[in-house]
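Number of protein chains: 4
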Amino acid sequence: MSSSIGRLFVVTTFGESHGPGVGVVVDGMPPGIAVDPAVIQRELDRRRPGQSALTTQRQEGDKVEVLSGLFEGVSLGTPIAMLVRNTDARSQDYEALREVFRPGHADYSTQQKYGVRDHRGGGRSSGRETVGRVAAGALAKTALATVGVRIVGGTVQVKDVKAMRRDWDEVEKNPVRCPDAQAATRMAEVIEAARAAQDSVGGVVEILASGVPAGWGDPTMAKLDALLGAAMLSIPATKGVEIGGGFGMAELTGSQTNDVFDGETFRTNFSGGIAGGISNGAEVVVRVAVRPATSIGKPQTAAKQGGGTTTVEIKGRHDPCICPRVVPVAESMMALTLMDAWLRQRALRGREK
Amino acid sequence: MSSSIGRLFVVTTFGESHGPGVGVVVDGMPPGIAVDPAVIQRELDRRRPGQSALTTQRQEGDKVEVLSGLFEGVSLGTPIAMLVRNTDARSQDYEALREVFRPGHADYSTQQKYGVRDHRGGGRSSGRETVGRVAAGALAKTALATVGVRIVGGTVQVKDVKAMRRDWDEVEKNPVRCPDAQAATRMAEVIEAARAAQDSVGGVVEILASGVPAGWGDPTMAKLDALLGAAMLSIPATKGVEIGGGFGMAELTGSQTNDVFDGETFRTNFSGGIAGGISNGAEVVVRVAVRPATSIGKPQTAAKQGGGTTTVEIKGRHDPCICPRVVPVAESMMALTLMDAWLRQRALRGREK
Amino acid sequence: MSSSIGRLFVVTTFGESHGPGVGVVVDGMPPGIAVDPAVIQRELDRRRPGQSALTTQRQEGDKVEVLSGLFEGVSLGTPIAMLVRNTDARSQDYEALREVFRPGHADYSTQQKYGVRDHRGGGRSSGRETVGRVAAGALAKTALATVGVRIVGGTVQVKDVKAMRRDWDEVEKNPVRCPDAQAATRMAEVIEAARAAQDSVGGVVEILASGVPAGWGDPTMAKLDALLGAAMLSIPATKGVEIGGGFGMAELTGSQTNDVFDGETFRTNFSGGIAGGISNGAEVVVRVAVRPATSIGKPQTAAKQGGGTTTVEIKGRHDPCICPRVVPVAESMMALTLMDAWLRQRALRGREK
Amino acid sequence: MSSSIGRLFVVTTFGESHGPGVGVVVDGMPPGIAVDPAVIQRELDRRRPGQSALTTQRQEGDKVEVLSGLFEGVSLGTPIAMLVRNTDARSQDYEALREVFRPGHADYSTQQKYGVRDHRGGGRSSGRETVGRVAAGALAKTALATVGVRIVGGTVQVKDVKAMRRDWDEVEKNPVRCPDAQAATRMAEVIEAARAAQDSVGGVVEILASGVPAGWGDPTMAKLDALLGAAMLSIPATKGVEIGGGFGMAELTGSQTNDVFDGETFRTNFSGGIAGGISNGAEVVVRVAVRPATSIGKPQTAAKQGGGTTTVEIKGRHDPCICPRVVPVAESMMALTLMDAWLRQRALRGREK
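Chains as they are written, first to last, in this note's numbering: chain W, 138 to 490; chain R, 138 to 490; chain Y, 138 to 490; chain V, 138 to 490.
Any given hint could turn out to be false.
Which copy is meant is left open, so a pair is good if it fits within one copy or across any two.
Said to hold, decoys possible - Computed list of lysine to aspartate or glutamate pairs in EDC-like fashion (alpha-carbon distance at most 16 Å, straight line):
1. Lys299 x Glu388
2. Lys200 x Glu450
3. Lys296 x Glu326
4. Lys310 x Asp336
No lab work stands behind these hints: they were computed from the structure.
Bound-form chain W, shown alone (with noise of 0.2 Å):
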């Protein structure tokens, strides 16, 4: 239950960061759809370690494995299993820590909460757990294509330098994912300054939607702004979301973020695609706040579990802004937020075929 998301796409990641593997179940695939492997890997080489020189240096290969729901290269319509092997673990480099509890990590908290922890890197707390979501979100992007939703996303901010502009074509072209490339020059600085200083910095990254229908989403618990906020909020070192305007209408008036609206477009786009929780047609708008990768080589004080603290240097392979791998990842869970809303909207008004 609580390694699931979505009720109709229904997506199951397991793994440990430093066990045999990560993987995910995904439940809901509706059948007849093309699907080609070979998009499943590449999204996952967008999110794989070592990629870019702003990346940590590790080196997963990251190869899947399709293990159940295709055949003949179309979905059956029952569970696709995906497999990644860990290869890159250097798990002796995790033995000192075994009764650490590294700060700002979730060492402590999983410690309380289980009673017992795999010490070896941040098990399912750690970033690796996205492999599955990243394979998962390849499914729901082609599914979604087919009836013309496309998603696209990047890095808006990198500590204090921003996005001026959205051009994303310009995305792949930098390795900050960067929709603005002269940002993405001096955000790529500030990440570098970082890593030489054994430090981290925090950005945001911004996804969005198009081609989304009017009618996607409920209007009470399951507003499409609270899965989109779940989705992205499960995403590891995400502190904050927000649809369309966001926290900058706390200081507008309704008359100037009630978007107008002729019965075709709307004048501005205020509610992000989302009106009363329901898509409204507009483009589908969110923001999410990341905070500086915790993993850092500065040295820190640490407690210990038996009681008292010590100091640690984190000497692993770390990346020193997480930003352009969580890109990928923040568009898994778009898709699969979408997805789930569409196949709702489906067994709500659908016709069967």
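For chain W, the structure is supplied; the task is to place chains R, Y and V on it using the hints.
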């Protein structure tokens, strides 16, 4: 499904704003807990319209009737259904709106979703749906109090006026429900000015839970952050949520935001009491962005159902700023979320911590 | 959670037998379906006590009030809450039973589960809880009828008297609700004899759905057989369920029970309309074993809450055979199950409007 | 969703019979429980084909790989994923069946449901899907054993041969898995005769759980009877289930079947250990009707996908009676159901009883 929240403490609301009534079924209340119906009523009184000069002047007594689940003063462990009749629904106010999609409202998206709607007010999208949430929240607060969890909240921003202190005892002493008495006065002025201008203003609400033990929440899809995010963004008119340091952390470094812990207390609380999705024993802190109320008196261009546009002036009695009334609702959503996390931790470990 | 059934057509009942009332929330009714409240009442009248000489003589009008989800004669697609007040609850009849665990009843198991209970009648275990199921079933039947699904049912066995024919038009013409008029007469005699002896008798109820298209249900955990099994065994006093050939197939061979199919019709229906968990287009046939009512007037030994035993004679007004009243409940559970399977198939294959 | 069972102990299977492999994800295993992978393998060996002369002669090693959730010999409280590769899939045996709907099989209903199918064997409808259930069941049995719950089961009927005793230690000593050694011999003869005739026979399997404390299960929709019913009827080829007295109680009276209780023990167990949906402390007893295997060698008329009929002789290596192999699967489903009920009771009351 779409009207329920929670997995073990399942809260399902029902009712349209202009139908016979609104209510809630709470399934999962542990047995043997002393419940005072007057406490439920008191919470509803904090939410109801007409409670102060700053809120809408609609008068609804909002008297709650408990239909099941209590016996001789204690919970039976069975579903607790509660009903509040609608009494002051001036449906005729809405007849002119039968075929108009009000700007910023859910009218259009609702029509596209269902193909039919109750045009008299917001139906399920109305703030009136939150009556059931607050009644359920009173139960959750009662149960959580038995293990020392206490929830407080207040309005911390209205337009550009921000609370500079957090004196939670101050909240019920001013109509804005602001924990800073001085800021409250200025906030009230801003709200009155908006009402005079037939406009509305946005704001930010902050909710805090103390006494939450370490170990509640889950490490992946059901992170406590994620569930709180969904809970808050399911409240009408909310468009953003942040936990602990939130969006502010985007501009900081890991060495600043890694909350140093000595085994007993945290030096900072950028994590907002949640590390890796699991409570860490610090206070749980959430802020919610509230958009300006969409019902305003100013003339606005609106699309018509058959095509074309018209001008609407929403002449009903509405809130110029909904933050004061969002406070008890957001407290309730915090309570529902923590209640669910608590029960799930009991299932996992078999004893209370 | 534990009071709900269904995943897309979610039915949640509430209410104790001797509290203010009993009711139900139906979440997932598709919008735009014409619903006549008189039809709901008619179904409740088939379930209510006092309807014939064979049933309990308790008199409860069981008038239903629809609290939400309907507007101008059609469903809104929002939760439909329905309430029936309890009126004829002679609670004083039960005071002597405050600390007695009646044999066969749920008194002891309920006390062990919750540590507290409403001793006045069965509380949630009472047959009265099925009021909400029947009200929900009326909605499901109405919706299913729009796609040609029709559900009938009847008592096919009382003690050793078995119906030899299935004339479904006969059912409402005799108080046993037996589809065989001749058997009905003998069944009535058996039931009257049980009443005279202050005892009760068991029986079997059969439910049949026609017009179910091939393709509803799922191949593994959510087999249509499994969901029907759960639905039927959630009815009070049921202790067995079989689909199609059921237990009789244990004695046969594959060459006898493999339903030969020519592409249009099945020569036999041992599968009961469900192959591999998925409807195959034949009639869906379910039989339910109903135990003798546990409330009997005969003196019985009963355990006492503090320890020791006593003798009880349950002098309330009870049903000597509950099969006639189980029929509308079991029909309803068939309808709820098919409704849910239909919506799930729409999610899987449906096209949006 | 449709491939999962359980609400707190969530078991999701994946895999087609002729794809790369089959497996399961178990989400909700409590942390800190010692798990021996050899125990999982031993249970799978009881289920696998080729284990005796009475079962199919297909040879699949069915070696399980645990992919996650265990660390240093104990459960982490995180998802436990397990994979068994398919090795002996003679897919070419099935090429002739690409457009044939085998009688009694799910071929036709599957095609109607999904519009596409893996024609090589039963896909998800195959008995091979139960590999994951048995692996999950081994975990559940291990956890339940820590609180004294023990599950046994056996074949109690094959065609018209019935077990007259319940000597559970006998079960693993004969290939029929019958708790009555004498009956086992006659059952084996019946099965061999069916194989010689290229036919198959049905039977009944009985499962018993001892040590279940009073208080597990729920009073309405989630009655323990209902959840067991769903669990059992989700096993391929099952078409009936009964608890305790089951269908036999239809012929009895209340004074016969009301289990007299003296506060410590029950004189009879017609309730099968469950009163009002909640365990009462007596042994939980369930019987499952198993239809004759649908794969038989005898020539049969079969519909073709494009229209028209043909004659099929299913020449694969199949089980003439699947009861012996259903036993470990049904035990597993009992274990999964009790595990879930146990965790739910822990959530409700916060401590183990």
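Task: Intra- versus inter-copy proximity for glutamate 326 and lysine 296 (alpha-carbon distance at most 16 Å) - done: Only inside one copy: lysine 296 and glutamate 326 sit 11 Å apart there, 35 Å across copies, limit 16 Å.
- [ ] Indicate which option fits the pair lysine 200, glutamate 450 if close means a Cα-Cα distance not exceeding 16 Å: within, between, both or neither.
- [x] Answer is neither; intra-copy 31 Å and inter-copy 42 Å both fail.
Open item on the list: I want to check one pair: lysine 310 and aspartate 336. Are their C-alpha atoms no more than 16 Å apart within a copy, between two copies, both, or neither?
Closed with: neither (25 Å within a copy, 45 Å between copies)
- [ ] Give the relationship of lysine 299 and glutamate 388 under a CA distance limit of 16 Å: within one copy only, between copies only, both, or neither.
- [x] between (20 Å within a copy, 10 Å between copies)
Going down the numbered hints, you'll see the structure goes against 2 and 4, while the others check out.
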